[in-house]
Amino acid sequence: MANHQSTKMPPKPPTNNLKELIFITFLAFFFKILLIPSYHSTDFEVHRHWLALTHSLPLSHWYLDETSPWTLDYPPFFAHFEHFLSFFANLVDPIIVDLHKGINFNANSVIVFQRLSVIVSESVLIYGVFLLGRKCGFRERVLMWVLVIWSPGLVIVDHVHFQYNGFLLGILLVSIAALEDGNDLLGGFVFAVLLCFKHLFAVAAPVYFVYLLRHYCRGGVLKGFGRLVMMGTIVVGVFVAAYGPFAYHGQIEQVFRRMFPFGRGLCHAYWAPNFWVFYIILDKVLAFLLVKLGFDIKAPTASFTGGLVGDSSPFAVLPMVTPLATFILVLLAMSPCLYKAWKNPQPKMITRWIAYAYLCGFLFGWHVHEKASLHFVIPLAIVAVQSMDDAKHYYLTSIVSCYSLFPLLFEVQEYPLKVLLLTFHVTLTWYGFSSQFSETVVKSTSAQQKKRGDNFDLKKNSGAISRRFTLNWIEKSYLLGLLLVEVWTQFLHPAILGNRLPFLPLMMISIYCAFGMMYSWMWQLHWIIKSH
Amino acid sequence: MDKRKTEKEYKNSVVWFLCISVFALLVRVAVSLHPYSGAGNPPKYGDFEAQRHWMEITLGLPPKEWYRNSTINDLSYWGLDYPPLTAYQSYVHGLLLRYFHPDSVSLYTSRGHESYLGKLLMRWTVLLSDALIFFPAVLCFLIAYYSGQPSASKNNTAWHTTIILLSPCLILIDHGHFQYNCISLGLTVGAIAAIISGKELVGSSLFCLALNHKQMSAYFAPAFFSHLFGKCLRRRNPYLEVFKLGLVVLGTFVVVWWPYLHSLDSFLEVLSRLAPFERGIYEDYVANFWCTTSIIIKWKRLFTTQSLKLLSLSATLLTCLPSMIQQMRYPSRHGFLYSLLNTAFSFYFFSFQVHEKSILLPLLPASLLALEEPFIFQWLIQFALLSMFPLLCRDKLVLPYVALYGFFILLYNAPGRKQDTRGRSSSSIVKSLLVSVILMISFLLHVIYLTISPPTKYPFLFEAIIMLLCFSQFIAIAVYTNKKQWMLSEQHSTTMAKEKHL
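Just so you know, the sequences run in chain order A and B.
Residue numbering for the first sequence follows our numbering, starting at 1 and increasing by one per position.
Residue numbering for the second sequence follows our numbering, starting at 1 and increasing by one per position.
If you are wondering where the hints come from, they were derived from the structure by calculation, not from laboratory data.
Note that the structure is predicted; figures quoted are calculated from it, not measured.
Even glycine gets a Cβ: it sits at the ideal position worked out from N, Cα and C.
Keep in mind that the hints are not guaranteed to be accurate.
[Said to hold, decoys possible] Using 27 Å as the maximum straight-line C-alpha spacing, the simulated DSS-like pairs for lysine-lysine come out as follows:
| # | chain 1 | residue 1 | chain 2 | residue 2 |
| --- | --- | --- | --- | --- |
| 1 | A | Lys19 | A | Lys101 |
| 2 | B | Lys154 | A | Lys392 |
| 3 | B | Lys8 | A | Lys476 |
| 4 | A | Lys19 | B | Lys431 |
| 5 | B | Lys11 | A | Lys476 |
| 6 | A | Lys392 | B | Lys8 |
| 7 | A | Lys348 | A | Lys223 |
| 8 | B | Lys231 | B | Lys244 |
| 9 | B | Lys457 | B | Lys396 |
[What the hints assert, rightly or not] Cβ pair distances, simulated, as ranges:
| # | chain 1 | residue 1 | chain 2 | residue 2 | range |
| --- | --- | --- | --- | --- | --- |
| 10 | B | Tyr91 | A | Leu497 | 30 to 38 Å |
| 11 | B | Leu450 | A | Tyr248 | 46 to 54 Å |
| 12 | B | Leu117 | A | Lys284 | 32 to 40 Å |
| 13 | A | Arg468 | B | Leu468 | 54 to 62 Å |
[Said to hold, decoys possible] Away from chain A, derived, C-beta distances all over 10 Å, residues of chain B:
| # | residue |
| --- | --- |
| 14 | Thr6 |
| 15 | Lys8 |
| 16 | Gly38 |
| 17 | Gly79 |
| 18 | Ile143 |
| 19 | Phe229 |
| 20 | Val249 |
| 21 | Tyr260 |
| 22 | Leu308 |
| 23 | Pro322 |
| 24 | Tyr330 |
| 25 | Leu369 |
| 26 | Val402 |
| 27 | Tyr449 |
| 28 | Leu488 |
Generate coordinates for the entire structure from the input sequences, incorporating the hints supplied.
Next comes the structure, spelled out in structure tokens:
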């Protein structure tokens, strides 16, 4: 793409490129400021407590403290991040960082401060998309920026529900940008840093490992080995910087116990729309059928809708799922992409592979939270601008992902907000994609093919002159079904069934979205297997 | 091929209009999360309580009692002082509230009702009115306005739509402070759209509805009257045309006022509620002529209310006159919009009992003219915002104020808009220097108002300074737009002369 531009016209001055980014960013900034008084979840108090914790206690007590039930369970760098923020929090209002007086502190000062800390820390995300946008054409770049910065899921989770995903995903994007540029050392380093901020991102570690091993550590045995040592030193260095101080205090075990609470069950109270939803449903159906046929099936003691699950199996018929089983399943699902990364490690594929890895983790992982869908939707936005098929796939996936986040905002006040956010996303991306792909096809079909010559769907592209951005009838009816599910769960269910079957609405959303997620998984798997 | 292309373009423009509207709604919803006027501030609360109280009254009493003082309907506590259409609107919205949350509108016991659900439902009624009246009206206006200009670029139309739908002042007052200006302004836009697309009868009927929702819509009445009159005069049968219009106006009024027409007493009872002359010629620190000059001339002390009434009426009509004459002589769609702006300004400056919020009325035609007069428009918006700043501070709406100010600056300078280069080349260094100095002062005033408490001797010092600055800018804009409207007629006559010559 860069080649194409440089041959035809002189490169634009960088300020020109930034104008759109500034516009999109600040539009989002002012919108997020408006959301400050909206509902926030207990995560708000969690992070407030961590501010107080890191501010008032020495490092050696961070992972030991139990003043509040919201103990620190993120890796050390995140604790340092909170420590950094707490310095400013103390200037704004000392009660915020008071370990005891600050508990459930709910004044305007703390709300504005914490909301602003999320908004400002999101600048890492903006830097990440800026880096990724440099190599694209003008329209693709702007579209990508809009997709990421105005991602409705991110707004819902970070700026209403309250978390710092934008900041963390920003680090991921910086790492991806470095890998796409061929700067593997930096990419690996940034990813290691990310893992020390939030360990849930480790799902993509196998992809990183295989890719870096094959792409970075090559060029003969000696050079390859030298590079392996170099990369290893850097990654280990990062981990030492993060965990070293705690190892020094002899708390490493305690830190890990906090970070990996395996006492939790396979599914969260609200089931993330993943593979296990089908497994549970299959179990229920089988149990029901077998009882009808006269078999003696004991009803499971533990229930899924209750949240925490103890040692007893929640399944009546099917075998119990252990964390190890989910781990193996995730690796298995990831293996095609690991194989491709091993055989032909190419920088332009890395974003897809990482997104795919996170999707596998989401679908088959242990105790997955619905918020984890952001981990693959955001990287997919970067891929979406590349071709029509990617755009279609992204369109569907992002809508499903955002819709599956709806139960997070359960209060009435935010209802129009979340619905309008999704509607805005639906119309904006539709407009963006349809104008993008109708005009590029007309303008520069030949250039497009040259640019994407090595894409597997070369044939499809050449026949794309008459193609427009539309969805086929299955996709259309699926999205329409989403609307029906929403109407049922929000309006018809309370009107018809009242308070009976209170778990049904959430279950329906999970199951319906799980279909979309499985479709996305199969589409990506198909894509990865077919690419070469 | 060509047909397919236009069809595609049509589809495209539907999508972007939808997109912009959804965004505008989103911003409104986000603003509505913030506090309303008088939240948690007994005993009188604010406009929110007034509107809620009207729902309570209209639901609980028969229409005849709505404007009548009684033991149940204590008119000194937010008595209904808007025309009947507002009362009907309150009734309809009240039904909605009663269905979901009966306590919030129960007669008498709900005074000062404040609750989570009550606030939400009230907010949603404004959102609904906005989406059902203002947005479609703007769409109609855009279609009517741009159908005559096939050369209009897509980007500029989209920009214009965004600017009208995201007018920061309207959003802040309706969805922050709490009012239903979107209804009367929406009806006015609908009327304008109808008139510029040649449907005068529909237009005048819609404007009568606007008048019957808020009497403030009378700010536009001279413009509507003169434009329609001017148009009628050019028809083949002027008397018949005027007669038809008169009939429609009368008919609309009769329908709206029907419950109060059975006796003269009840009619006058309502009418007296609509003109609160006892409240004085001005209130607070509004940037109009009477309030600003009262620093030097103490109007309230020098004149009786009766003579002030006459004075303000004659001043208003006198300043409207040039614009009216222009429209009667040369009615044109452009001139009509300018005339709406000019008469609204005249009323804002000189009429009786003007509120800060009334700047919304001149803002509406200014936003419709945004593409012709981008600089004037943004200048007006900025000082309208500043003039409302003290009010919005009292309502604890500083955060949405900042956000919407930011939105406006960004959208005004949105990338992709083809800016007029003519204006730019003529602007001199002196002018741009002046602009930046004034903006700097405005910015400083914001900061000072927020951070420094005024000297005890002059507790309203900063309000007065803000008022002075805003008044000077408004006057400058009004003079410019009046001049511009007259120049339109010159252009008009020269083109006419050319045509005749040919």
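Evaluation of the provided hints:
1. A/Lys19 with A/Lys101: violated, 45 Å
2. B/Lys154 with A/Lys392: Within the cut-off at roughly 25 Å; holds.
3. B/Lys8 with A/Lys476: holds, 20 Å
4. A/Lys19 with B/Lys431: Measuring from Cα to Cα gives roughly 25 Å; hence the hint holds.
5. B/Lys11 with A/Lys476: Given that 27 Å is the threshold and the Cα spacing comes to 18 Å, the pair holds.
6. A/Lys392 with B/Lys8: This hinted pair holds, its Cα atoms lying about 19 Å apart.
7. A/Lys348 with A/Lys223: Roughly 24 Å between the alpha carbons, so the hint for A/Lys348 and A/Lys223 holds.
8. B/Lys231 with B/Lys244: Holds, because 13 Å separates the two Cα atoms, which is no more than 27 Å.
9. B/Lys457 with B/Lys396: holds, 25 Å
10. B/Tyr91 with A/Leu497: 30 to 38 Å: At 33 Å between Cβs, range holds.
11. B/Leu450 with A/Tyr248: 46 to 54 Å: holds, 48 Å
12. B/Leu117 with A/Lys284: 32 to 40 Å: holds, 36 Å
13. A/Arg468 with B/Leu468: 54 to 62 Å: For B/Leu468 against A/Arg468, whose Cβ atoms are near 57 Å apart, the range 54 to 62 Å holds.
14. Thr6: The claim holds: B/Thr6 sits with its nearest Cβ about 14 Å from chain A, beyond 10 Å.
15. Lys8: violated, 8 Å
16. Gly38: Given a closest Cβ separation of 17 Å, the condition holds.
17. Gly79: holds, 31 Å
18. Ile143: holds, 19 Å
19. Phe229: holds, 43 Å
20. Val249: For B/Val249, whose nearest Cβ neighbour in chain A is about 38 Å away, the distance exceeds 10 Å, so it holds.
21. Tyr260: holds, 36 Å
22. Leu308: Answer for B/Leu308: holds, closest chain A Cβ roughly 42 Å.
23. Pro322: holds, 40 Å
24. Tyr330: B/Tyr330 clear of chain A: closest Cβ-Cβ about 40 Å, beyond 10 Å.
25. Leu369: holds, 24 Å
26. Val402: violated, 7 Å
27. Tyr449: About 19 Å separates B/Tyr449 from the closest Cβ of chain A, which puts it past 10 Å; holds.
28. Leu488: The claim stands: B/Leu488 keeps its Cβ more than 10 Å from every Cβ of chain A (closest is about 34 Å).
Violated hints, in rising order: 1, 15, 26; the structure is consistent with all others.
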